[in-house]
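Read off the chains here:
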Amino acid sequence: MDNREVLVDIKNLRTFFYTEDGVVPAVDGIDLTIHQGEVVGLVGESGCGKSVTALSIMRLIPDPPGKIVGGEIFFHGEDLLKKSNEEMRLIRGDKISMIFQEPMTSLNPVYTIGDQISEAITLHQKINAVEAKKRTIEMLHLVGIPEPERRYSQYPHEMSGGMRQRVMIAMALSCNPDLLISDEATTALDVTIQAQILDLMRGLQKKLGMAILIITHNLAVVAEMADTINIAYAGKIVESATAREIFKSPRHPYTYGLLQSIPKFTEKRTSEPLPAIEGMVPSPYHMPKGCSFNPRCPFATEKCREEEPELVELAPGHMVRCFHPIES
Amino acid sequence: METRLVEVQKLKKFFPIKGGVFSTTVASVKAVDEIDFFINQGETLGLVGESGSGKTTAGRTMLKLLQPTGGKIIYKGKDITKLTPNEMRPLRRNMQIMFQDPYGSLNPRMPVGDIIQEPLDVHAIGTRKERRQAVKAMMETVGLRPEFEKRYPHEFSGGQRQRIGVARALVLNPELLVLDEPISALDVSIQSQIINLLQEMQQRLNLTYLFIAHDLAVVRHMSDRVAVMYLGKIVETAENDELFDHPLHPYTQALLSAVPVPDPEVKRERIILQGDVPSPVNPPSGCHFRTRCPYAMPICKEQEPAMIEVSPDHTVACHLLTKK
Ligand SMILES: Nc1ncnc2c1ncn2[C@@H]1O[C@H](COP(=O)(O)OP(=O)(O)OP(=O)(O)O)[C@@H](O)[C@H]1O
Ligand SMILES: Nc1ncnc2c1ncn2[C@@H]1O[C@H](COP(=O)(O)OP(=O)(O)O)[C@@H](O)[C@H]1O
Ligand code: SF4
Ligand code: SF4
Ligand SMILES: [Mg+2]
Ligand SMILES: [Mg+2]
Chain A
1 MDNREVLVDI KNLRTFFYTE DGVVPAVDGI DLTIHQGEVV GLVGESGCGK SVTALSIMRL
61 IPDPPGKIVG GEIFFHGEDL LKKSNEEMRL IRGDKISMIF QEPMTSLNPV YTIGDQISEA
121 ITLHQKINAV EAKKRTIEML HLVGIPEPER RYSQYPHEMS GGMRQRVMIA MALSCNPDLL
181 ISDEATTALD VTIQAQILDL MRGLQKKLGM AILIITHNLA VVAEMADTIN IAYAGKIVES
241 ATAREIFKSP RHPYTYGLLQ SIPKFTEKRT SEPLPAIEGM VPSPYHMPKG CSFNPRCPFA
301 TEKCREEEPE LVELAPGHMV RCFHPIES
Chain B
1001 METRLVEVQK LKKFFPIKGG VFSTTVASVK AVDEIDFFIN QGETLGLVGE SGSGKTTAGR
1061 TMLKLLQPTG GKIIYKGKDI TKLTPNEMRP LRRNMQIMFQ DPYGSLNPRM PVGDIIQEPL
1121 DVHAIGTRKE RRQAVKAMME TVGLRPEFEK RYPHEFSGGQ RQRIGVARAL VLNPELLVLD
1181 EPISALDVSI QSQIINLLQE MQQRLNLTYL FIAHDLAVVR HMSDRVAVMY LGKIVETAEN
1241 DELFDHPLHP YTQALLSAVP VPDPEVKRER IILQGDVPSP VNPPSGCHFR TRCPYAMPIC
1301 KEQEPAMIEV SPDHTVACHL LTKK
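Read top to bottom, the protein sequences are chains A and B. Counting with this note's numbering, you get residues 1 to 328 for the letters of the first sequence. Counting with this note's numbering, you get residues 1001 to 1324 for the letters of the second sequence.
In isolation and in its complexed conformation, chain B is listed as follows:
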């Protein structure tokens, strides 16, 4: 049986907007607004949605790098929502995050060997010599030459820097890795190298991934299951092929139809959504998607659609499905 490594329930993260003379909270950005998802051990959950939909915030809150405003985070059956930073420490090494930007996320004044070793130092793992050995082995594993350990980040290409990021994230031998747009900043011919590396690492080390990306072709290639976010909400979750072949939520349908395909002979029916994504400070009442939804009905304004399970492991939040 599959075991759940991590699960979030009604997870919420609001960012206060301060204003006025006394700098009081005048409103809040509802970045993540009561979402539910789980990730099984060894699998990849793809998290997709447009920029600002709350993907990064969801990933960071799940790792408790941001304190949730509400809801629960359950890691290996244990509720970790209320743990203090001190209590989190032993768990930290099992959960890592890797960022989009291969330039901004590495300290430019540190040699890459030290960058990769830093997490080992922080967690005081092994002797100095053992740490260095672990670093060299990890460099080798991700396809960097160990003799480059003394070089600085600017001496590497974008793809190599992303390999440094992978090495740093994996050196503690974590269980769970949040990959936040890990290939978006890379050249096309380098993207596939990093995708292959991430998949190989997952198989070798039995890693569990939360894979955040906006390139849906890459998400389809990488993920076991996929969750779709829109304006702070998860609107649909399903197994990979099920989601891509039978999307049920009107937003998922529009999103998938908007993806251009690299084949001039494929002519796809396209749903062109009108307008822009509304502000997460004042999301529309009821269903957040209703202002752009081609099927919106009166009830969509009044009532938030509940998440319902339409088939095993395929859940959708839309009134069209509850009406029947």
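Isolated chain A (complex conformation):
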């Protein structure tokens, strides 16, 4: 169905945290494929393992307490989990870069934004300071920052949230990565600013052709941005398909429930209650036996409470982890 070359292929990734209170299986069965130039969404609720997946790809899991305990992460056909720290350092910020929800935590408050981007460039490219500055100004211009020469010497706190996010994008794209990971990059922004940033990301993706992994809890954002969507629940991918398929015929009860429960902005008001998913996300210390969604699932059977379902391909390109998938 997709004949573009595979860029990232994550197979049964498992990343655990060994805390005082016990083992947290933060990521416990993430399978994810990203083709070159593809926009892929990773969606799920707080704590389901989205950021840990991203940090695993970047090999930035704090160890201790964290450890990647299983699986493979192929990037351009090579397993990143087999790379040395030095090799990873060269890949990060060059071939793979990442932007975060709160740019203030990833920008250094004591350096000008121009110096920070220039430094990122010279770390990976053999160019001199003058060229790096020129490239930085080009990047600031590319991400729609007005008066880039003047902005070059401003500090992060002198900018609005939307501007800082643009700076982060400029820095992340300055080395022309093959993969950009965006972890809740627009979540903290107002809708009109979010629309600006999403519009910018879409435009840059078309222009530069990099693949993007968009991590968010917002289904509407991935509906607008992603070609393919992966739904995560309690550390596992439970469903993955094209955006169209996910929204048109969700097969996993969790995906289905989630889509039913969100109010529709485009529909007239009704006084009916929303079809909510009962209960809550399980604690990572007390994962239920069998399917981790079973305590909340209206279709759960005895089998669901005993055995763990595998991720299976129900239709071409449509993967579902469920014993009793919803009919399409």
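Treat the hints as calculated values from the structure; they're not laboratory data. There may be inaccurate statements among the hints.
Derived list of chain A stretches under chain B, where covered just means 3 residues or more per stretch with a C-beta under 8 Å from a C-beta of chain B [stated by the list, open to error]:
{"no.": "1", "stretch": "82-94"}
{"no.": "2", "stretch": "234-247"}
Partial chain A-side listing against chain B, Cβ under 10 Å, derived [as the list claims (entries may be wrong)]:
{"no.": "3", "residue": "V130"}
{"no.": "4", "residue": "V222"}
{"no.": "5", "residue": "G317"}
{"no.": "6", "residue": "M319"}
Subject to a maximum C-alpha distance of 30 Å in a straight line, what follows is the list of computed DSS-like cross-link-like pairs (lysine-lysine) [said to hold, decoys possible]:
{"no.": "7", "chain 1": "B", "residue 1": "K1064", "chain 2": "B", "residue 2": "K1082"}
{"no.": "8", "chain 1": "A", "residue 1": "K264", "chain 2": "A", "residue 2": "K206"}
{"no.": "9", "chain 1": "B", "residue 1": "K1136", "chain 2": "B", "residue 2": "K1150"}
{"no.": "10", "chain 1": "B", "residue 1": "K1078", "chain 2": "B", "residue 2": "K1012"}
{"no.": "11", "chain 1": "B", "residue 1": "K1267", "chain 2": "A", "residue 2": "K207"}
{"no.": "12", "chain 1": "B", "residue 1": "K1078", "chain 2": "B", "residue 2": "K1136"}
{"no.": "13", "chain 1": "A", "residue 1": "K95", "chain 2": "A", "residue 2": "K133"}
{"no.": "14", "chain 1": "A", "residue 1": "K11", "chain 2": "A", "residue 2": "K248"}
{"no.": "15", "chain 1": "A", "residue 1": "K268", "chain 2": "B", "residue 2": "K1267"}
{"no.": "16", "chain 1": "B", "residue 1": "K1267", "chain 2": "A", "residue 2": "K206"}
{"no.": "17", "chain 1": "A", "residue 1": "K248", "chain 2": "A", "residue 2": "K134"}
{"no.": "18", "chain 1": "B", "residue 1": "K1267", "chain 2": "A", "residue 2": "K264"}
{"no.": "19", "chain 1": "B", "residue 1": "K1301", "chain 2": "B", "residue 2": "K1018"}
{"no.": "20", "chain 1": "B", "residue 1": "K1267", "chain 2": "A", "residue 2": "K248"}
{"no.": "21", "chain 1": "B", "residue 1": "K1064", "chain 2": "B", "residue 2": "K1078"}
No residue lacks a Cβ here, since even glycine has one placed at the ideal position from N, Cα and C.
Given the structure of chain A, go ahead and fit chain B with the ligands onto it with the hints provided.
Just chain B with the ligands, lined up with the frame of chain A:
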């Protein structure tokens, strides 16, 4: 006929900015700058706008938790603007507020039963035993198990903590409730549970809500009427479907068009606004929106547009509509 429970007229709240050696007022944040709205008994008014537009300040000033800088607050036909805290006391129990943050707003050292009971204690309502009974009944109503009354907030999930917040706000049986972003901090699958709870409570207890939120889909689901704020001003107010289907103010149009929709097959025309929201310390002259408005004209700089009623219960402040 509908009865007005609360109304604000030209409501104003400025926060002074102190500076200089003598700590004098050097400027002010014009958080709420002469706004008008009303809420009828039993209905929900949605208040939307970007962060910093003045929604929280408007809600708190309406309840007189902040003393207004100017304008009037009329509650059940009575002007309460100038009432002293003592004179406000008997009214207080009828007006409650619930906050966004289910973590920060509950005292971590108090068992939840006491947290919910506190407003009853403050207003000295009933006997000790009656208060406890009211607390247990309220816990049951909002879907918390009464036997959890001795547990502390950290032992509950975000959604449960928000239920505790609802129970505490409702235990005095108020008439008016300000809901300040009550679901923003919750997980997606929990949000709909709390939305349903708030709607059920409203129907059961005939509550009146001021519902502050930035998620426009949720506002559409919850509200009877909606008011849109931009930089301290209300720019448009209308009945729910009217506002969402026929927005007239250029800012409302841009705001609605910016909302992503959870359907990849819907491709919407998007108005991408340029630039950021200006500072409320020095808002632009004339129309506050003019620096980002795609239709700005010379008059927009010189004159503030008046609020005009374009059809019954649909008011807009924009020169485009007065020119004709
Ligand atoms: N450094 C850490 N030490 C211990 N546990 C951790 C650590 N980092 C993450 N976890 C746990 O791993 C699980 C997954 O966390 P992760 O940050 O990936 O969630 P997420 O899906 O990104 O959620 P959110 O939407 O809130 O960002 C959670 O249970 C979290 O508490
Ligand atoms: N106590 C305060 N002192 C000074 N400025 C304030 C105070 N509270 C709010 N503000 C300012 O008033 C404006 C409106 O704030 P707020 O009502 O919280 O907006 P919203 O709820 O719409 O995000 C903002 O610029 C904010 O920084
Ligand atoms: S495996 Fe069973 S419990 Fe899990 S989602 Fe499917 S039907 Fe529900
Ligand atoms: S008054 Fe002028 S600037 Fe303001 S919204 Fe209308 S057209 Fe735009
Ligand atoms: Mg995260
Ligand atoms: Mg607020």
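Taking the hints in turn, this is what the structure says about them:
1. For a cut-off of 8 Å, the count of residues in the stretch 82-94 of chain A with a CB near a CB of chain B stands at 0, and the three-residue condition is violated.
2. Restraint check on the stretch 234-247 of chain A versus chain B: 3 residues with Cβ-Cβ distances below 8 Å, three needed, restraint holds.
3. Restraint check, A/V130 versus chain B: the minimum CB separation of about 31 Å is more than 10 Å; hint violated.
4. Because the smallest distance between the Cβ of A/V222 and any Cβ of chain B comes to about 9 Å, under 10 Å, the interface hint for this residue holds.
5. Interface hint status for A/G317: violated, as the beta-carbon distance to the closest one in chain B is roughly 15 Å, over 10 Å.
6. The closest approach between the C-beta of A/M319 and any C-beta of chain B is roughly 18 Å, which is over the 10 Å cut-off, so the hint fails.
7. Restraint check for B/K1064 and B/K1082: satisfied, since their Cα atoms lie roughly 10 Å apart, inside the 30 Å limit.
8. Of the supplied pair hints, the one linking A/K264 and A/K206 holds, its CA atoms being roughly 29 Å apart against a limit of 30 Å.
9. Restraint check for B/K1136 and B/K1150: the C-alpha separation of about 11 Å stays at or below 30 Å, so the hint holds.
10. Between the alpha carbons of B/K1078 and B/K1012 the distance comes to roughly 18 Å, so the proposed pair stays at or under 30 Å and holds.
11. The straight-line distance between the Cα atoms of B/K1267 and A/K207 is roughly 21 Å, inside the 30 Å bound, and the hint therefore holds.
12. Taking the CA atoms of B/K1078 and B/K1136, the gap is about 34 Å. The hint is violated against a cut of 30 Å.
13. Only pairs whose Cα atoms come within 30 Å are accepted, and A/K95 paired with A/K133 is accepted, the gap being roughly 21 Å.
14. For the proposed pair A/K11 and A/K248, the alpha carbon gap of about 26 Å is at most 30 Å, so the pair holds.
15. Taking the CA atoms of A/K268 and B/K1267, the gap is near 18 Å; set against the 30 Å cutoff, the hint holds.
16. The straight-line distance between the Cα atoms of B/K1267 and A/K206 is roughly 18 Å, inside the 30 Å bound, and the hint therefore holds.
17. Under the criterion of a C-alpha separation no larger than 30 Å, the hint pairing A/K248 with A/K134 is inconsistent with the structure, at around 47 Å.
18. As the CA atoms of B/K1267 and A/K264 are separated by approximately 15 Å, the hinted pair is consistent with the 30 Å bound.
19. Restraint check for B/K1301 and B/K1018: satisfied, since their Cα atoms lie roughly 28 Å apart, inside the 30 Å limit.
20. Distance hint between B/K1267 and A/K248 is fulfilled; the C-alpha atoms sit about 15 Å from each other, no more than 30 Å.
21. Of the pairs offered as hints, the one joining B/K1064 and B/K1078 holds, with about 14 Å between alpha carbons and a cut-off of 30 Å not exceeded.
Against the hints set out earlier in the document, violations occur for numbers 1, 3, 5, 6, 12, 17.
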